[in-house]
Amino acid sequence: MNFETTVRSVAKEINSARRAHFFDVNDKLTVVVKGYFIVAIVGIIVDLITNSSVLIKIDKPFTSSFIRYIPTITLLIYTAALSVGLSAGAKGGPITVFRSEMRLVFLSGTDHPELLRRKYLKLVFLRSYVSILVGIVIGALLYHLNNGYKLLPAVAMAIIAFTASNIYIGASIVGNLTRIRPEFVYLVSIAAAIGTYLFTVTSNVSAIANLGGVSLFAVGRYPSEALVIPIFALATVAAGFLLVARFELEPIERRSELISKLRFAVALRDIRGVISLSRALGDGGYTPRRLPQILMNLTMRPRRSATYLSFSNFYNWRLRRYIRLVLTVTISVYAIDLSIARATVDGLIALPFVVLAGLEMSDTVGSLVDHPNQFINYPVEDGWLLSRSLLFPAVALVVLSSVVNLIIFAATNMVAVEVSAPIIAVMAISATFAGGFAHYRGSKGSSVSMISMVPEAAAFAYLVDALPVIFANSWIIAVINTKNAIAHLQVPYSEAISTSSFLLVVPLAIWAYISNGRVVRAE
Amino acid sequence: MANDSKKSTSSAITVTDVVKKYDGGTILDKVSFKVSQGSITVLVGSNGAGKSTLIKAICGLVKPDSGNILLFGAKAGSREARIVTSVAFDEPSLYADLTVFEHLTFSARLSGIEDSEERLNELLEKFEISYLSERLPRGFSRGQRQKVALSMALARSFKILLLDEPYVGLDSAGKTALVELLKEARAQKVAVLIATHSPELVAIADQMITLTNGKVTYTGEPKIDRIER
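Chains as they are written, first to last, in the working numbering: chain A, 1 to 523; chain B, 1 to 229.
Rather than coming from a laboratory, the hints here were simulated on the basis of the structure.
Computed from a predicted structure; not experimentally measured.
Careful, some of the hints might be misleading.
As the list claims (entries may be wrong) - Think about it this way: if two alpha-carbon atoms lie no more than 27 Å apart in a straight line, the pair counts; the simulated DSSO-like pairs of lysine-lysine are: (1) A/K119 with B/K75; (2) B/K126 with A/K119; (3) B/K223 with B/K75; (4) B/K63 with A/K261; (5) B/K126 with B/K189; (6) B/K75 with B/K30; (7) A/K261 with B/K30.
Construct all of the structure, not just a fragment, from the sequences and the given hints.
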């Protein structure tokens, strides 16, 4: 056996040994929680597909309009994949090598191009597999919405998803090797997207737009044009495969170092570390983070500036965070509404998303890391700062969930069958689950006072603070109903809205307590 | 440790006019020196002087903007250079899901050494971490992790040994073991380069290189009074 064969077999044995220790390094509760999240997400998807005909009504004009824009939509998807891929590559991705692997395997006498090509191929196969599955699910959903009309069957969607995925991967490798500037990529992509759209709206038969017409291939139109983009995707993957040998260890090493530190910070619940490292990773790890663009009024008294800081943060969020939050809240509220309307157990599915929504909002506390001087001056030891700076997210979350709830009711015309029972069930399970998890996390391996061992107590205190918001929310909805401003809404809906708002505040309260303990210890 | 190099040269590491810049700042500024076979060289300098960057450049993790680094005539980072080199960094990086003994075994095997059980057990005993042999690194102290990382570096086959701040976190037993193992390596014609602040390691060195703001300001006999300059 030559040296390279030996190295390859050792690398395989390392993976095998690591798998053998899976349950030793992941505590049982974490495994259960991860499993629960996966089941919940799958449940949501199945639930959406089986109930989707309620959500969207597709008539003939809509369908014919949709057919016209299919090539454009598809091409825009491909453009986005190309843009995001180039940008991700320029920032150091997409191949991830953990630092331990870098130290042990990559610094040995291995053949780097061979090793990286294997990683690259694994990435391509995995992403292709997942994208095809997702494409089939979306295709099936659209097929179902169209009552069997073969507009976008699963096969076409699978091809689109596969093509987009491979364009992304190939482009990211090329972007990595050329170190193209992300700003340049975005500008070109935006120009391409606008150009595509203009071509489509100004001409019935647009040559450029038809390049995106892989979906038309499935219904028997323009097969030759339809194949251009998938061939381009495969070409980018092939180019990436050939160019992988030019990868340099330095950017991979920097990325692996950041990832390693980030995992460690997550394990320690080091909020400050997680945020600063995530930012560095987002920036590709090449340049230090610039000072944030949050303007502080230095003459303002510290206690007032905390609230001001939260508002500033909200405006400075990245777009993907807004999108993620809206999606999370929509899923939570929709699932709760379904459970109310049909007296089913859909509300259970909302549970992890409710927790996620809470986490998403309360994360704004982390921005204080950018102002260490003021942070240290705050009375963090009594938890005042965190409660104060979480007040705005709590209010915003309640308002957001109410709006989402109204939209869902207006769009679906759901009828409440039974209100009380599912709400009580969801609340009871939410409190038990989240409280128990917080208790487990809060007490693990730390030497803290007794009050820290009972996070529910702090959560309760915070809930009391938030009660006026919930009551005010109920009042607003009740007044709207009294005035018949939204005629078709009935009294139970206002209860539902208030209750879902209440549920969304629960994880906030728990997270406030956990974060508080961690930040104080970090100080 | 590996036998003597076939193309044996007295200079194991040759660094010539190496420049490295990050974000506009010059970390290494025309650094040049040589490290001979069968010698221990200490690289000293204050924090931020460029010691760790230089170690990373020699093992191939950092690419110099200009200049050359040759390890037994092979370019730093090339496969030929990596085969003869072993490194332990200032921050030990271990797999969370491999036991200590698995770490050592795989480290040895990746450098072509099979049937290394006796040698590995000897290393664990010297560093007094035999009791950790079958444990996963989760919950290890800084010193324990450092001992495992050093054992991994020493378990390999090498003709060049690069150590970045090896004394950090080590107890007196660990320090004694390391000094013994370094002397052993020198006797076997290994070229050892250590980035350190430790007077104990300067005391056993044959050559000392001082880095100040990325520049070599002293090369010659080890002098403890020059450590922090």
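Which hint numbers does the structure go against, in order from smallest to largest?
As far as the earlier hints go, 2, 3 and 7 are violated by this structure, in ascending order.
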